[in-house]
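With chain A held as given, fit chain B onto it using these hints.
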Amino acid sequence: MTLNVDAPAPARRPGPRRPSGHRSAGRGGSGFARFDLRATPYFLVSPYFLLFAIFGVFPLGYTLWVSLYDWELAGDKSFIGLDNYIALITDGSFWNAVVNTLGIFVISTIPQLILALVISNALNKRIRGRLFFRLGILLPLVTSVVAVAVVFTQLYGRDYGMINWFLGLFGVDAIEWQNQSWSAWLAISTMIDWRWTGYNAIILLAAMQTIPKDLYEAASLDGASPRRQFWQITVPMLRPTLVFVVFISTIGGLTLFTEPVMFEGNPTMAGGATGQYQTVAMFIVKEAFRDFDMGYASAAAWLLFALILIGTLINYSFTRRIGGKK
Amino acid sequence: MLNSKRHGKLAAVAVMAATALAITSCGSSDSATPSAGSTGSAAAAEPVTITVHTFGGGANFGYKKAVETWNAAHPNIQVKYQNLTDRFEDVYLPQLLQKLQAGSGTGDIVGIDEGAMGLMKARPQFFADLAPYGLDSRKSDFPAAKWDNGINKDGKLFALGTDIGGMGMCYRKDLLEKAGLPSERDEVTKLWPDWASFMETGKKFQAANPGKGAPKFLDGPNTLYNVVLSQEAPKNGNIAYFDTGNQLVIDKNPAIKTSFDTVKSYSEAGLTAKLASFTPEWNAAIKKGGFAVMGCPAWMLGVISGNAGDEGKGKWDVAGVPGGAGNWGGSYLAVPAQSKHPKEAAEVLNYLTGKEGHVMAFQEAQAFPSSLSGQQDPAVADMKNEFFSDAPTGKIFGDSVKDLLPVFLGEKHAQVKTAAEKVLEGMDKGSIPYGEAWTKFIEAGTKAAG
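Line by line, the protein sequences are chains A and B. Here the first sequence stands for residues 1 to 326, where the numbers follow the numbering used here. Here the second sequence stands for residues 1001 to 1450, where the numbers follow the numbering used here.
With the rest of the complex left out, here is chain B:
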């Protein structure tokens, strides 16, 4: 092509430029693959198909059995359950927003992680009001913390809770034992009634594991930070990065500063394995015993058992969390306004977020029920987890969410959280000096909110 005369070269430049454009335009449209589904073209008498879109690794929302049970009993409303991806913030959420804006492509019911609820509450035009279908009668079944997040800025009910994080501490029994510490779960819980004693335990563990390549006490900054923040936020007006007027308070809220300082002290003391959560390195360390203890909301149990595989069975256990209660994460279900069958979708939603759906999801995916009736069900309250050495997970997580208060999450909570935690990771790994980290932390959060 370029062997021809001069105008040939110019033409080549043009073609190159064109290629560049094509590449550029591809780059900005990411993976916008609208998945098929949702539109069950139902004539009046024909059965309606309701598509449920969720996210999450492993057993994700744990609706396999619940959906089978429903489909067997309701020939006229058939549910199709599709888990789209295991990543929420960076895959599921952008795609959901694109489909909402495009007006097609979402499921009749969509799962939404707690972190994005602020964003969705600010966009009432995209979701169906669930009150006309009678779902507002469910209010007494949920803790206020969970219920309030499902009310959008117009005061309409648009989402109901699925699971709730709860809080525990997952630990490797064998590693604690090797360090000369107790490994039985009640004794471990007694080891760390508060954060000061947790730090002492960590130092003891590290003293017994000196040298390069030895296991560390904690995994990294993210899990610790979220556990502490979930406890501190309720002590400081139930807010995190944003106040109830949606103003950024990352530099003013003492809860944030306390959580930041806690992470910093553990990192400076060399108690972390310097791993960022949900990365391949972190996964590998879970499998290979690179660290001993990790903050564990209920859904994290599924992440650990999924990563560690069969060989990890019985090596892990769950103990209580220093400082008592706390919640991290948990999800919601909503019906997009674009659904062709909002009435049937609301019925299915009611079932999945009801006692029956919650209990089955807990059995399948350790998704701890957010509904009170689900939590009190003996199938949940007496549940033991085989992978985690038969730990009574139902009781541990139930205790941790008893007195939970609603934490307000701003519209841009997810973005600010991601940006701020990036700085924590950098500080822990050493690319940001400890002295500059707090300034960088506020800068990153402010930029993400702007």
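So that you can see chain A by itself, here it is in the shape it has in the complex:
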């Protein structure tokens, strides 16, 4: 990734199958050369797929298998078919976890992406110390999630936390941030946004730099204001990248785990006395490793997978409409 916008803009859509120089070598060559040409690419990409088969596909299938059993960790197991799924669908605490996850997702991701868009637009302008700001915005990403969560949890502490101290200056009573859903969701969302806004901003910035300058020049000549240029040129041209960013955020948001766990301070995975901020990922770990009900946890993991697929598809169909009135 280059950070120099003044370089000539690269061709927009680099063709996916541009003929490569190696192609001529295969022409009329021996059988091995042809085999080499055909097989090598597969050989080169195979490590990823092999690893994925071992660490992705196998656990997935095994989880499905376990989810059909009443499977106690280091205990008895018996086949019960879909009973785990039926029990889950009627389990209030599972849906409570789903609502928490979606709630935190909405109040963290929407402001985060809007902020990232605004920041990247600002960083795309000619400003003093541009490189410094561009690197600075990415800095939170290199800190450990746990460290972020620990520091923020202390900031949100009831008795000795800085945020309550600050609010106290205006006469606000000490808030027990873990106590209600709204405050816990808000606190957790700030942790997520602090870490991920810059990451998304940098990705959007990279995409902005591939937008041809002549489009803006033409628009300026036609008298379009900078604001109009932003909405009519920048945002539509960013659409594929926005789709990517929204996907990543959706997946990250729906599998949210570390921040709420650290926020609780006590890794019982309960997410507060009445599960005010227990996410689905926490629910799964609680069932599997606190209550030792592996079958139930596996079923919940599969339902979470289905939720992520649905969430991603909804966001996809939503995002592709952005500025897409062609």
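These are computed hints drawn from the structure, not numbers from a lab. C-beta: ideal position from N, C-alpha, C; glycine also. The reader is advised that the hints may include incorrect statements.
Which residues of chain B face chain A? A few of them, derived with a C-beta cut under 10 Å, are [said to hold, decoys possible]:
| id | residue |
| --- | --- |
| 1 | Q1415 |
| 2 | V1423 |
| 3 | A1448 |
Using the frame of chain A, we list chain B on its own:
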């Protein structure tokens, strides 16, 4: 990647989905890091290595000196002592169960907290029978309460006791003094012979400490609840959440209701600092004097001194507990069936749970001996704790466990306890109204047992 044509986008969806799967599958496998160790690949003549796995903060089981002493005297059986984590219920126990099921990775000797003994008793297949190695001869050395918990459902001896909770009341001398109350330990003990007078003392303390940010009398619901329950359970058939047939009796056992109501009355009277035990906030309040009094089993002394640090030295003291005796916690050692050297492991276990091991552990970690010979040893009986203003902890805790009765703990005791205490925390902090708390309490316990 997404700049390519439509099929590229579909491929991207597939990759996203795959990533999601990978993340999901990671999420459900928690931190299953089997630690190296245990298998001392011993040829016949070579020395055998016995690994001891424990848990707990600070000095945990306190076996450093005991292990050094053993290793110096037994060149052929070398002991490796590893404390895996400071958290039992949510880290150590799940990992232990996974290793037991996997058939490898546990130590040759493993520490087990009392709360999980019901669970382990129901799984005799995972543990070695200790009777063939002669350890059943130790029966007369333990109070029945401690010994019986080491017998599994097949009637085999599989675990011996390490420490025992005992019960005292830790308090901040300076805070009591400031509130115009006596602070000398014998006078403090006389302040609260029973729970009614304890409540009166609390109200007096709180009246002297009005306003926001002032210290509270108690830390929160958990410690108080466990102290009361440890006294009430023996009065109600020696059971807690489960009866001896392993049926849940959380709604029927008067001991539970009494303990619940006690906590509720203190919380409603505003005497608690509304802190959940073993959280960073709770740790901070111990250090900064956020509350004055806390129920204290022997092992809690190590937790307090560890959290308060050097600056807390001499500020704390230990007094007697209202209502007399009680036990909370304490641990056991067992030999997993997967151990390659069960005979040598049993020998080491015998040593660590014997008088010598118990006394050294008490000196190192305030782990009060569960063996009678250990309790009677002058090194224990006359022990004074420097951090706690030279309190005679040996005598205080010894007195509190004299007439201890065995409390039956069901297979899912740990899960029900955790779930029920969560409701107490919620009630104390205000996220569950007092009127609904008892119903929620039973609901949570029932769900955790199911």
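Structure-based check of all given hints:
1. Q1415: Hint on Q1415(B): holds, closest Cβ of chain A at ~5 Å, below 10 Å.
2. V1423: holds (6 Å)
3. A1448: holds (6 Å)
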